[in-house]
Amino acid sequence: MRSDLEMIDEWIQPNIRVLDLACGPGELLHHLIKNKQVNGYGLEIGPDDLNTCIKKGIPVLEQNIDEGLQNFDDQSFDLVLMTHALQQFRRPDLLIDEMLRIGKECIITFPNFGHWRSRLHLALKGRMPVSDFLPYNWYDTPNIHFFTFQDFERLCREKNIKILRWAAVDGQLKDHWWIRSMPNLFSETAIFHISR
Amino acid sequence: MPDVIPADSVGIVTPQIAQFDTPLALSCGQTLSSYQLVYETYGTLNKSASNAVLICHALSGDHHAAGYHTLSDTKPGWWDTAIGPGKAIDTNKFFVIALNNLGGCCGSTGPTSINPETGQRWEASFPIVTVEDWVESQARLADVLGIQTFAAIVGGSLGGMQVLEWSIRFPTRLKSAVIVASAPKLSTQNIAFNEVARQSIRRDPDFFDGNYIENNSVPTNGLGLARMLGHITYLSDDAMGAKFGRQMRHDRYQYNYGIEFEVESYLRYQGEAFTKRFDANTYMLMTKALDYFDPASQTGGDLSAVLSRAQCEFLLVSFTTDWRFAPERSEEIVNALVKAGKLVSYAKIEATEGHDAFLFPIPRYMAVLSTFLTRIASNVTTETK
Numbered sequence: 001m002r003s004d005l006e007m008i009d010e011w012i013q014p015n016i017r018v019l020d021l022a023c024g025p026g027e028l029l030h031h032l033i034k035n036k037q038v039n040g041y042g043l044e045i046g047p048d049d050l051n052t053c054i055k056k057g058i059p060v061l062e063q064n065i066d067e068g069l070q071n072f073d074d075q076s077f078d079l080v081l082m083t084h085a086l087q088q089f090r091r092p093d094l095l096i097d098e099m100l101r102i103g104k105e106c107i108i109t110f111p112n113f114g115h116w117r118s119r120l121h122l123a124l125k126g127r128m129p130v131s132d133f134l135p136y137n138w139y140d141t142p143n144i145h146f147f148t149f150q151d152f153e154r155l156c157r158e159k160n161i162k163i164l165r166w167a168a169v170d171g172q173l174k175d176h177w178w179i180r181s182m183p184n185l186f187s188e189t190a191i192f193h194i195s196r
Numbered sequence: 001m002p003d004v005i006p007a008d009s010v011g012i013v014t015p016q017i018a019q020f021d022t023p024l025a026l027s028c029g030q031t032l033s034s035y036q037l038v039y040e041t042y043g044t045l046n047k048s049a050s051n052a053v054l055i056c057h058a059l060s061g062d063h064h065a066a067g068y069h070t071l072s073d074t075k076p077g078w079w080d081t082a083i084g085p086g087k088a089i090d091t092n093k094f095f096v097i098a099l100n101n102l103g104g105c106c107g108s109t110g111p112t113s114i115n116p117e118t119g120q121r122w123e124a125s126f127p128i129v130t131v132e133d134w135v136e137s138q139a140r141l142a143d144v145l146g147i148q149t150f151a152a153i154v155g156g157s158l159g160g161m162q163v164l165e166w167s168i169r170f171p172t173r174l175k176s177a178v179i180v181a182s183a184p185k186l187s188t189q190n191i192a193f194n195e196v197a198r199q200s201i202r203r204d205p206d207f208f209d210g211n212y213i214e215n216n217s218v219p220t221n222g223l224g225l226a227r228m229l230g231h232i233t234y235l236s237d238d239a240m241g242a243k244f245g246r247q248m249r250h251d252r253y254q255y256n257y258g259i260e261f262e263v264e265s266y267l268r269y270q271g272e273a274f275t276k277r278f279d280a281n282t283y284m285l286m287t288k289a290l291d292y293f294d295p296a297s298q299t300g301g302d303l304s305a306v307l308s309r310a311q312c313e314f315l316l317v318s319f320t321t322d323w324r325f326a327p328e329r330s331e332e333i334v335n336a337l338v339k340a341g342k343l344v345s346y347a348k349i350e351a352t353e354g355h356d357a358f359l360f361p362i363p364r365y366m367a368v369l370s371t372f373l374t375r376i377a378s379n380v381t382t383e384t385k
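Keeping their order, the protein sequence lines are chains B and V.
108 is the number that the working numbering gives to position 108 of the first sequence; each next residue is one higher, with no gaps.
333 is the number that the working numbering gives to position 333 of the second sequence; each next residue is one higher, with no gaps.
None of these hints come from the bench; they were simulated from the model.
Incorrect hints may appear among the rest.
[As the list claims (entries may be wrong)] Calculated lysine-lysine pairs in the DSS-like style (CA-CA distance at most 30 angstroms, straight line): (1) B/K174 with B/K34; (2) B/K36 with V/K339; (3) V/K175 with V/K288; (4) B/K159 with V/K339; (5) B/K56 with B/K104; (6) B/K55 with V/K175; (7) B/K174 with B/K104; (8) V/K47 with B/K36; (9) V/K175 with B/K56; (10) V/K339 with B/K56; (11) B/K55 with V/K47; (12) V/K47 with B/K56; (13) B/K36 with B/K125; (14) B/K104 with V/K339; (15) V/K185 with V/K339; (16) V/K339 with B/K162; (17) B/K104 with B/K125; (18) V/K175 with B/K34; (19) B/K34 with V/K339; (20) V/K339 with V/K175; (21) B/K55 with V/K288.
[What the hints assert, rightly or not] Okay, the calculated beta carbon distance ranges per label pair: (22) V/S48 with B/S76: 30 to 40 angstroms; (23) V/Q311 with B/R90: 32 to 42 angstroms; (24) V/Q199 with B/N143: 48 to 58 angstroms; (25) B/D66 with V/D21: 53 to 63 angstroms; (26) V/P171 with B/H145: 44 to 54 angstroms; (27) B/R90 with V/E272: 46 to 56 angstroms; (28) V/K243 with B/N143: 34 to 44 angstroms; (29) V/D302 with B/R90: 51 to 61 angstroms; (30) B/A123 with V/P361: 47 to 57 angstroms; (31) V/L229 with B/R90: 33 to 43 angstroms; (32) V/C28 with B/D66: 42 to 52 angstroms; (33) B/P14 with V/S297: 35 to 45 angstroms; (34) B/N143 with V/D302: 55 to 65 angstroms.
Keep in mind that this is a model prediction, so the values were computed, not measured.
Where is the CB? At the ideal position from N, CA and C, for every residue including glycine.
Full structure from sequences and hints, please.
So, in structure tokens, the structure goes:
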């Protein structure tokens, strides 16, 4: 399992209802279903990822998140998850509202564009950063919104969203004291646990 | 005729008949004192009888789902694309049962059968049967075949409704439910289409209030018309457009009511061909079974409440251009299952064929079905060991 997923795992209680938005091949859900006995569902639109989930016996629903989540009732899940996908949707702000409507709590992870290497890349080369973690060109990237650790914090503040806890990790998904002290500069992946 | 039986075919199959003498109380209040069901099986039942798959047919389907009856058959069974060795419903792993439902016209007791109490054909007097009645009779067939629990029950369209009913009525008798291009109940528009189909049959002077065999007659016009209408609703606008466009029979308009456009010829042919293989009373019964199905009515319209009884896991599949049983209808079932906390997966398959897509071997559709059933088969194997 990816280690950002491992970190999230520690935050998740057993036997809860979980909705994983853009669950991909379902690594985290598979782990949570097997080890924490959660009642979990993933949403996905990639045919290969869907099939991988079906193969593993992970409940997965083909649903385009950009077309809305109205089919899920208010507070019908204990936890709504989204790992490394928020930057791919049309309106992340509205999506967060929806996630907090459906779930009592949410965990969101995203690539921090404020990382010093991104800043340096843009400052020195004058071109949009392409990294191992975000290996796309500006024109073909599925990541249509770039935002930073601070941007996300600020959005939460504006929306009166509670940040229950957060973590910031590097490319190896380790946390260090220097990342923790300056997450906007040093974290490559930001992890937020939020609620209303 | 196939020159050689393809390697992935179940080959030559022989229908079998099961006779039931325990009366069956029907939803309509009447009782069938005895009846028979015709069925076919493909593959081998394992020792623990845990690898059985039941196929539920749709409006005009029957028990001949795969393989050939004779070497001179022009076509294999109606779902041969999905059932066979190595296919999505793999007969190397599963023991597959397909039957003709009660009220049918292909060998199971129905309007064309003899009513033992009168010695005459049932015809119009055959009671209206429902999805619930079918499922009850299918369970009795399973009893006869020594199957307590199905590994999977699979059906498309009206067949999917039977699968849904199974999951509610006999929750412990199936491990998994595969519901394709179906709905938890018909929409108003669907009922309306069915009513037009029925009226076209009933208003045919050759219908004789349903007793047409007795009157040496066949309501071919009405049944053909019903089928033409149905056929339009099974195809998508795009699929029809791609197939026929505005192709014409002649170089120029004839300004009469003969066939101008090829699509007219196609529909007439489809209508006529159908009357040669199908019984009008059965067609009407099947449309009524569709109309009446509404399991959520048991729980005040709350689908998720009635589905909370289910214990199996579910796979739902819909097709993008299906407007007779649109993806949104499958999603109603999916949402209710999620609400009830049931194990469910759902795939919305890109397809041009409309409702008919469920009968086509669309690669992604077959892959999803096969992936799901492969896991079910391996669960069965593990449990058996």
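Hint check results:
| no. | hint | result |
| --- | --- | --- |
| 1 | B/K174 with B/K34 | holds (25 angstroms) |
| 2 | B/K36 with V/K339 | holds (20 angstroms) |
| 3 | V/K175 with V/K288 | holds (29 angstroms) |
| 4 | B/K159 with V/K339 | holds (28 angstroms) |
| 5 | B/K56 with B/K104 | holds (27 angstroms) |
| 6 | B/K55 with V/K175 | holds (16 angstroms) |
| 7 | B/K174 with B/K104 | holds (28 angstroms) |
| 8 | V/K47 with B/K36 | violated (35 angstroms) |
| 9 | V/K175 with B/K56 | holds (16 angstroms) |
| 10 | V/K339 with B/K56 | holds (22 angstroms) |
| 11 | B/K55 with V/K47 | holds (26 angstroms) |
| 12 | V/K47 with B/K56 | holds (26 angstroms) |
| 13 | B/K36 with B/K125 | violated (46 angstroms) |
| 14 | B/K104 with V/K339 | holds (15 angstroms) |
| 15 | V/K185 with V/K339 | holds (18 angstroms) |
| 16 | V/K339 with B/K162 | holds (27 angstroms) |
| 17 | B/K104 with B/K125 | violated (43 angstroms) |
| 18 | V/K175 with B/K34 | holds (19 angstroms) |
| 19 | B/K34 with V/K339 | holds (21 angstroms) |
| 20 | V/K339 with V/K175 | holds (20 angstroms) |
| 21 | B/K55 with V/K288 | violated (37 angstroms) |
| 22 | V/S48 with B/S76: 30 to 40 angstroms | holds (38 angstroms) |
| 23 | V/Q311 with B/R90: 32 to 42 angstroms | holds (39 angstroms) |
| 24 | V/Q199 with B/N143: 48 to 58 angstroms | holds (57 angstroms) |
| 25 | B/D66 with V/D21: 53 to 63 angstroms | holds (58 angstroms) |
| 26 | V/P171 with B/H145: 44 to 54 angstroms | holds (45 angstroms) |
| 27 | B/R90 with V/E272: 46 to 56 angstroms | holds (51 angstroms) |
| 28 | V/K243 with B/N143: 34 to 44 angstroms | holds (41 angstroms) |
| 29 | V/D302 with B/R90: 51 to 61 angstroms | violated (33 angstroms) |
| 30 | B/A123 with V/P361: 47 to 57 angstroms | holds (55 angstroms) |
| 31 | V/L229 with B/R90: 33 to 43 angstroms | holds (41 angstroms) |
| 32 | V/C28 with B/D66: 42 to 52 angstroms | holds (47 angstroms) |
| 33 | B/P14 with V/S297: 35 to 45 angstroms | holds (37 angstroms) |
| 34 | B/N143 with V/D302: 55 to 65 angstroms | violated (41 angstroms) |
Against the hints set out earlier in the document, violations occur for numbers 8, 13, 17, 21, 29 and 34.
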